[in-house]
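J.: Sequence:
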Amino acid sequence: MKMLHSNAGSSAHRHRLISANYAGNGTHRAFASLELRMNKRSLTAVLAAVLVFTAFGQGSPFDGKKFPKFKMTDTHGQTFTNKALKGKVVLIDFWATWCPPCVQATPYLQKLQDKYRSRGLVVIGANAAEHSADAYKNGARRFATKHGLKYRMTVGNDDLAQTLQVEGFPTVFIVDRKGIIRRVLVGFGPEEVPVWEATIEKLLAQK
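Going by numbering that gives the first Met the number 0, the letters in the sequence shown line up with residues 0 to 206, in that order.
Hints listed in this document are in silico derivations from the structure and should not be mistaken for laboratory results. Warning: the hint list may mix true and false statements.
Said to hold, decoys possible - Below, computed lysine-lysine pairings styled on BS3-like, alpha-carbon distance capped at 27 Å:
| no. | residue 1 | residue 2 |
| --- | --- | --- |
| 1 | LYS136 | LYS110 |
| 2 | LYS145 | LYS65 |
| 3 | LYS82 | LYS114 |
| 4 | LYS82 | LYS65 |
| 5 | LYS70 | LYS110 |
| 6 | LYS87 | LYS149 |
| 7 | LYS201 | LYS145 |
| 8 | LYS85 | LYS68 |
| 9 | LYS145 | LYS70 |
| 10 | LYS85 | LYS201 |
| 11 | LYS68 | LYS136 |
| 12 | LYS82 | LYS201 |
| 13 | LYS114 | LYS87 |
| 14 | LYS82 | LYS136 |
| 15 | LYS201 | LYS64 |
| 16 | LYS206 | LYS82 |
| 17 | LYS206 | LYS110 |
| 18 | LYS82 | LYS64 |
As the list claims (entries may be wrong) - Listed next, with one range per pair, are the computed distances between beta-carbon atoms:
| no. | residue 1 | residue 2 | range |
| --- | --- | --- | --- |
| 19 | SER117 | THR78 | 35 to 43 Å |
| 20 | LYS114 | LYS70 | 41 to 49 Å |
| 21 | PRO189 | GLY119 | 18 to 26 Å |
| 22 | ILE179 | PHE79 | 14 to 22 Å |
| 23 | LYS145 | LYS68 | 29 to 37 Å |
Glycine included, C-beta positions come from ideal geometry on N, C-alpha and C.
Use the sequences and the hints to build the structure in full.
T.: Spelled out as structure tokens, the structure:
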């Protein structure tokens with residue numbers, strides 16, 4: 000079921016957050032699922048957190064497909080598109096500042112960027128679904144500054160998240176040098192890092 004959507008004509012802005020731990024293939028991860036509706040007049044938020052256990056199905060309809068064309072804006076106001084990433088291995092992390100597992104993942108993402116930057120890895124934080132106008136505009140920048148994050152942080156990615164059918168945060172897309180999605184992972188636990196790293200190593204070795 001698609002959980003992230005934008006409805007500019009709706010009369011209210013609602014944001015439902017479910018933080019969950021789930022077991023799958025013997026691992027323990029956490030994710031946040033969400034529902035978002037927006038209008039032009041106001042931004043209000045309703046957050047509800049519950050703890051649940053569920054099995055997460057493996058695979059994604061986007062595995063093996065070209066990453067869609069995009070135009071992102073980073074926290075410095077600079078815009079870029081897919082063309083700027085040509086020939087790079089890219090990890091794109093869809094996240095939000097209100098999402099605990101997203102926050103937990105960020106230092107690991109920074110370590111991956113530091114370790115593999117020279118070999119052609121680009122890590123992008125794709126912030127989306129923030130719960131206020133201020134957080135939407137400034138939340139990712141403030142968070143990155145506070146926590147010393149140096150990988151590229153972008154804002155306003157709700158439409159791209161919807162295109163990619165992002166249903167939970169964090170959702171990580173790992174893309175090869177030709178722009179093909181090679182792995183999609185939802186949720187985060189420290190045991191995810193070796194999976195990310197093994198995929199990145201494999202893709203960096205391909206020319």
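J.: Take a quick look at whether LYS114 and LYS87 sit within 27 Å of each other, Cα to Cα.
T.: holds (15 Å)
J.: Against the 27 Å threshold, does the CA-CA distance of LYS206 and LYS110 hold or violate the hint?
T.: holds (23 Å)
J.: Under the criterion that the straight-line Cα-Cα distance not exceed 27 Å, is the pair LYS82, LYS65 satisfied?
T.: holds (13 Å)
J.: Taking the CB of ILE179 and the CB of PHE79, does the distance hold inside 14 to 22 Å?
T.: holds (19 Å)
J.: Within 41 to 49 Å: is that where the Cβ-Cβ distance between LYS114 and LYS70 falls?
T.: Because 28 Å falls outside the window, the suggested range is violated.
J.: Hinted pair, alpha-carbon criterion (27 Å max): LYS201, LYS64. Please report holds or violated.
T.: holds (18 Å)
J.: Tell me if the straight-line CA distance from LYS145 to LYS65 falls inside 27 Å.
T.: Judged against 27 Å, a Cα distance of about 34 Å means the pair is violated.
J.: 29 to 37 Å was suggested as the range; check whether the CB atoms of LYS145 and LYS68 agree with it.
T.: At 32 Å between Cβs, range holds.
J.: Is LYS145 close enough to LYS70, meaning Cα to Cα at most 27 Å?
T.: holds (26 Å)
J.: What's the verdict on LYS136 and LYS110, does the C-alpha distance respect the 27 Å limit or exceed it?
T.: Holds, at roughly 26 Å.
J.: Taken at face value, is the distance from the CA of LYS114 to the CA of LYS82 at most 27 Å?
T.: holds (23 Å)
J.: When you check the alpha-carbon spacing of LYS85 and LYS201, does it fall within 27 Å?
T.: With Cα atoms ~17 Å apart, LYS85 and LYS201 stay inside 27 Å; holds.
Violated hints for the displayed structure, listed by number in ascending order: 2, 7, 19, 20.
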